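In the order they appear, the protein sequences are chains V and A.
Per the numbering used here: the first sequence = residues 1 to 381.
Per the numbering used here: the second sequence = residues 382 to 688.
Everything labelled a hint here was simulated from the structure, so no lab data went into it.
Owing to the predicted nature of the structure, the values given are computational and were not obtained by experimental measurement.
Cβ coordinates follow ideal geometry from the N, Cα and C atoms, glycine included.
The reader is advised that the hints may include incorrect statements.
Claimed, not checked - A few chain V residues that face chain A, going by a derived Cβ cut-off under 10 Å, partial list only:
| no. | residue |
| --- | --- |
| 1 | 122 |
| 2 | 240 |
| 3 | 245 |
| 4 | 352 |
| 5 | 370 |
| 6 | 375 |
| 7 | 378 |
| 8 | 380 |
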Amino acid sequence: MTGRLAINRLRERLPVDGPAIDRFVARHASPIIEGERATFLYRGDVDDAFVRHRVVGLPDPLTMRRIGESDLWAVTTVLPEGSRVEYQIEIRKGDAYERFNDPLNPWLAHSPMGSSSVCAASGYRVPDWVAPDPEARPGTLIQQVIPSKALRRDQPIHIYLPARFNRAQRYPLLVVHDGTDYLKFAGMKTVLDNLIYRLDVDPLIAVFVPPGDRIKEYANYAPHARFIARELVPALLEGLPVREEPEWRCLMGSSFGGIASLSTAVRYQGFFGSLLLQSASLVFTDIGFDHGGGPAFDPVVKFVNKYRAKPARVVDRIYMTCGTYEPLITANRSMVPVFRHTGTRVHYIEARDGHNWDNWRDRLGDGLSWLFPGPQRFVYE
Amino acid sequence: MTTILLGPQRFTVTVAPTVRSLDVAGPIAMINAGWEEREPDDAELAGHLDGRGVNLRLYQRAVELLSVDHALRAAVLEHRARHEELRAFYRIRLQSAHDALLAVRHRTSRHGGGASADLAAVLALRDVDDWYTYEVARITRETAAYEAISGSAELARHRAEVAETLAGASAVVMAGGHVGILMEALHLFAVDLPADLPVVAWSAGAMAVCDPIVLFHDFAPHGIAADEVHDRGLGRLSGVIAFPHAKRRIRLDDPERMAALIDRFPNHSLVPLDDGTIVRVATGTSALPAGTRVFAPSGIVTTEGAS
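Turn these sequences into a full structure, and let the hints guide you.
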C-alpha cells in the first residue's frame, strides 16, 4: 500500500486519455478495494452517476464524480474489513434515470427481487461449504403437497432427507420459511449436504415451505401457525422418522420469515425447541404506533409490541443473526436482551452485511452447527 | 492377553508390522463397524493382514437383522432413544459442573477458601460422570433383558456366528470410525473378546477396548465444551482412556483445559494416540509399559509407566 488511492494517482496524471483509462479499468477490478476503502467506477457518457445501496450509515446515493474531462466516474467510500455490500449503478442522462448492475463487476448476487452487484471488502470470504463438494454425499429433495384446512389450500413443500437416510434413525426437524428461496438463493441443499458431510451439523430432516400470500401469512397469522404446528409437523411425524421431542424441532426464517417463525412459536409455546432468526423484521415502537414501515408492518409491530410488553420463553434456544448495514439492526439488537431475560439461550451474531440472501447463507454454518451440533465428537478415523 | 493400541492408521500405517509381530497363525477377525455402511470396503485393511482377515460384519449384520426382526428393531430404537435422552441430561449437568469448576479456578482466593471450593467443584464434576455411567449401565442392562433381545432367535444365531469366528481367530483388529455405532454393534452382538486373544486397535477401536470411553474435540464448531463420558468400553485396558488424534483435537497447550481433564479422572491413565503411536500392553495386565506417553497438567509427558 502506498497510502494514495489508485483513483487519486490516476487523477494526478490528468489529463488522461481514453487508452490510459482503458488500461486503468483493465488493471483494477471494480470496485477497487484498498485497505478499508472501496472505489466504485463507472464509465459512460452520462450527466450523473451514482452508487445505489441500502447500507445504513452511508449516504444513499453515493454520488460519483467525473475524473477530469473523461467518461470515467468514481466515488470512494469506507468499507471495513470483512464487509460485503450489494449495490447498483444509477445514471442520469438529461431527465432520464436508469439503474443497473455494475458493468465493470461480474460478481452478482441474486434474490427474488432480481440481482445486484457485490462489493466485498478485504477479509470477506465466501464460506468453503457453500460450493458443491464432490466428496459430500448429497441428500435427497422430495416434493410433496400437504392439504391444509388452516390455509384452505394445498401447500407444496420440499423435504430434505440427509445422505445415508435411514429409517432406523430419528432425525431433528428444521422447518424453513421462504423455503424455495432458501433453496434457490442460499443454496441450502448444498449447504446442508456439505455441513452434514463435514460432521459440523447433525443429519437432519429439513422441510422447505414456500409462502402463499407472504406479507399476510408471515405477519403473525393464526392460520399459518396452525398449519405449521397442527398440520405440517404432525404429518411429518407420521410419515418420517422425526424425533418427537420439542427440543429437536426448529423453525427458521429471514426477514418476515423470522416473524413467521417467532409468532408460530409464541402461539404454540413449548412445541418447538429452537428458532433460527435471520434479520427478522422485529420492528416495534416504544410509544405510539409510528413505525415507518408501511401498512405491511402494522401486524408485525402490533405483534412485537405485544411480545415486548409481556415477553415469554417460548423456545429453549434462539440463534439470531443480523447485518450491521441493514435497517433492522437496531430492532434485532434490542430484542436480544428481551429474549434473554425470559431465560431463553440466545446466540446472537452480527455480520458486516445487509438484508440479503448471501448474508443469510453465510450465517447458516454457524447457526445450524450451534442448533444441531454434528457428531464430530463421535468420529475417530 | 496382549492388547496393542495404535495411533490413527490413515497416514502412518503400522497395523501390518504390528500384527506380524504377534507371530500368530490363522485367521484374524476384523471389526470395523465404526465405518458404518463403508464396513464392506475392507480390502485395504485385509491387505495389511496378509489376506488373513475375516470381517465380523457387525454393522451389516445389524442392518440385516433390524430390517427383518421388528420387535428387536423397536427394542434397539428404544434403547437408543433412552441413551440419547440420558446423554442430553448429562450434557446439561456436565456443562454446568464444568463451568463451575472453571469459574472457581478463575476466582481470586485470599483467605483459603479456594482450595476447598476447587475440590468440591472437581468432586461435583466426577459425581456427574458417575451418575451418568451408572445410568448408562442400568439402561444397557435393562435393554439386554428385553424379551425382544434375549428371545430373538435370529440375534442368537448371529451372536453364535460372531462368537464362533472369534473362537477360531488368532487375533482381532478393531478399526476406528463412529465410536457410538461401534459400541452399539459390540453390545448388540455381545462381543466378548477372549482373554487370550491378542487385540490390535486404533482410533475409535482403541477407545472401545479401553474403559471408560471419553468423547472430546476442542475444535468442533459448536457443542458442549467439556469432555464427555460416553460409555464403558470393553475393559481390556481398564482405567485407561484413549485419546486418538490428540494433537489435532485437543488444546494441549492450554494448562487450564488439561488440568480440568486430569483432575476429573485421577485414577486413570490418559493416553494420547497420535500418528505412529504404539502402546503394547502385556498379557494379564492393564498396566502401561514404560515410556508410554500420558497426559499431565502441562500437556504430554513420558512416564515410566507401571510395567
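Okay, the hints, checked on the actual structure:
no., hint, result
1, 122, "violated (24 Å)"
2, 240, "violated (14 Å)"
3, 245, "holds (8 Å)"
4, 352, "violated (20 Å)"
5, 370, "holds (4 Å)"
6, 375, "holds (7 Å)"
7, 378, "holds (5 Å)"
8, 380, "holds (4 Å)"
Violation of the numbered hints given earlier is confined to hints 1, 2 and 4; the remaining hints are satisfied by the structure.
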